[in-house]
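Engineer: Read top to bottom, the protein sequences are chains H and R.
Throughout the first sequence, residue numbering follows the numbering used here, covering 1 to 76 in sequence.
Throughout the second sequence, residue numbering follows the numbering used here, covering 1001 to 1303 in sequence.
Hints are supplied without guarantee of correctness; some may be wrong.
Part of the chain H face toward chain R, derived, beta carbon under 8 angstroms [what the hints assert, rightly or not]:
1. S9
2. H13
3. Y14
4. L15
5. Y18
6. S21
7. T23
8. V24
9. T44
10. D46
11. G48
12. C49
13. F54
14. D55
15. I59
16. M67
Just some of the chain R residues that point at chain H, by a computed CB distance under 7 angstroms [as the list claims (entries may be wrong)]:
17. T1025
18. L1051
19. V1052
20. R1087
21. Y1133
22. H1284
23. F1288
24. V1300
Keep in mind the hints are simulated off the structure, nothing from the lab.
As the structure is a computational prediction, the values presented were derived from the model and not from experiment.
Every residue, glycine too, gets a C-beta built ideally from N, C-alpha and C.
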Amino acid sequence: MQLDSNDQSVQGHYLPEYSWSYTVPSSGFTFEEFAALAVCWLSTDDAGCGDMDFDGDGIVNLNDLQMRLDMWLDGP
Amino acid sequence: MKQRVLILTIVLLLSPAAGAWETWTFIVTADSRSESHEETLGVNVVILGELVDEILAENPDLFLFTGDLVVGNTTQDLLEVEFLQWREVMQPVYEAGIPVYIVRGNHDGGGSATTTAWNNVFRDETSSVGLDYSLPQNGPDGEKNLTYSVTHKNAFVLALDECTTANHPQNYVEQGWIDTELACNTRPHVFSFGHFTAFKMIWDSLGDHPTQRNAFWHSLEDAGSRVYFCGHEHFYHHATADNDGDPNNNIDQVVVGSAGASVHIWDGNYTGDNGGYELTDIFHTTRFGYILATVTGYDVNLT
């Protein structure tokens, strides 16, 4: 069953009738991870520090530390 | 190392950026095909053109397209022409530098000739026209430039070609590759997209093979994913899938087949084996459009 596709146009995304949100739990941040981040401080993904580059900008810096500290001592 | 930890702690305490999260966005849509090859070479160019204007206005970090770019289902030569037509309509998005991540739908192919057509169009043309139309090359063997993963800021994205697996049509996705990718991920957000629904609505679906679908779904659950984007059905439909009464670990099926293909009418029934999951509908519309996802820290908002 199909409708004629030429009788309407794009109306953007679906606000205001549709807005749906969720929050993912933090995965926790242990002191061991904090130490691992310190080892990678200001290093690049190419240097094997991709796992500590949480915001994916290619370097381990204050933004990555901030992201992990928001998880400080959260449970897994 | 102790000195570094101490320095980091001091930096943190003095940081004016403490508590700040970067907000970023991505757009998802699918099914831009027309109804015939003659109709503007297989693409609803009017609707897709309007979507291009919207994408440029929103200027998202990423643009995801979950398949059925064109009418296709034809010869390699004509399919290639239709892919070029789609690419031409999307050219302003490519030129704007917005990463375009696409996967194939059933109309876009699955055999070797159709894959060649795809690879002839969605390739790196930096040296000739200054633009790279290719997809990431980190997919499983036999699915390079088709299935891939992307890491962007605090998110990990799985782009799944569901038309080419060795045991297709039972195994729509390459589960071993997915498991390996998810095991390596460290980002808090996990998004995935492919062409077919996981829970059957009207047409063929991962839900036609519930054992394989459930393995896929469980792998996403274990990775903390909350949303799977797909198309194939020509409307927008958001439903949440729950199997344990806990809404905080649900994965939602978000169908975004709203980029110009003739609209389907759904009777409201999930007609497949839902494998113990209960589907609760959240929003449905037959309007053309797209989903805008806004990510801030651990929060995601879809509109």
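Engineer: All hints are to be evaluated individually against the structure, with a verdict given for each.
Structural biologist: Going down the list of hints, with the structure as the test:
no.: 1; hint: S9; in the structure: holds, 6 angstroms
no.: 2; hint: H13; in the structure: holds, 4 angstroms
no.: 3; hint: Y14; in the structure: holds, 6 angstroms
no.: 4; hint: L15; in the structure: holds, 5 angstroms
no.: 5; hint: Y18; in the structure: holds, 5 angstroms
no.: 6; hint: S21; in the structure: holds, 4 angstroms
no.: 7; hint: T23; in the structure: holds, 5 angstroms
no.: 8; hint: V24; in the structure: holds, 5 angstroms
no.: 9; hint: T44; in the structure: violated, 14 angstroms
no.: 10; hint: D46; in the structure: violated, 14 angstroms
no.: 11; hint: G48; in the structure: violated, 13 angstroms
no.: 12; hint: C49; in the structure: violated, 11 angstroms
no.: 13; hint: F54; in the structure: holds, 6 angstroms
no.: 14; hint: D55; in the structure: holds, 5 angstroms
no.: 15; hint: I59; in the structure: violated, 13 angstroms
no.: 16; hint: M67; in the structure: holds, 7 angstroms
no.: 17; hint: T1025; in the structure: violated, 10 angstroms
no.: 18; hint: L1051; in the structure: holds, 6 angstroms
no.: 19; hint: V1052; in the structure: violated, 10 angstroms
no.: 20; hint: R1087; in the structure: violated, 19 angstroms
no.: 21; hint: Y1133; in the structure: violated, 22 angstroms
no.: 22; hint: H1284; in the structure: violated, 9 angstroms
no.: 23; hint: F1288; in the structure: holds, 5 angstroms
no.: 24; hint: V1300; in the structure: holds, 6 angstroms
In summary, the numbered hints that this structure violates are 9, 10, 11, 12, 15, 17, 19, 20, 21 and 22.
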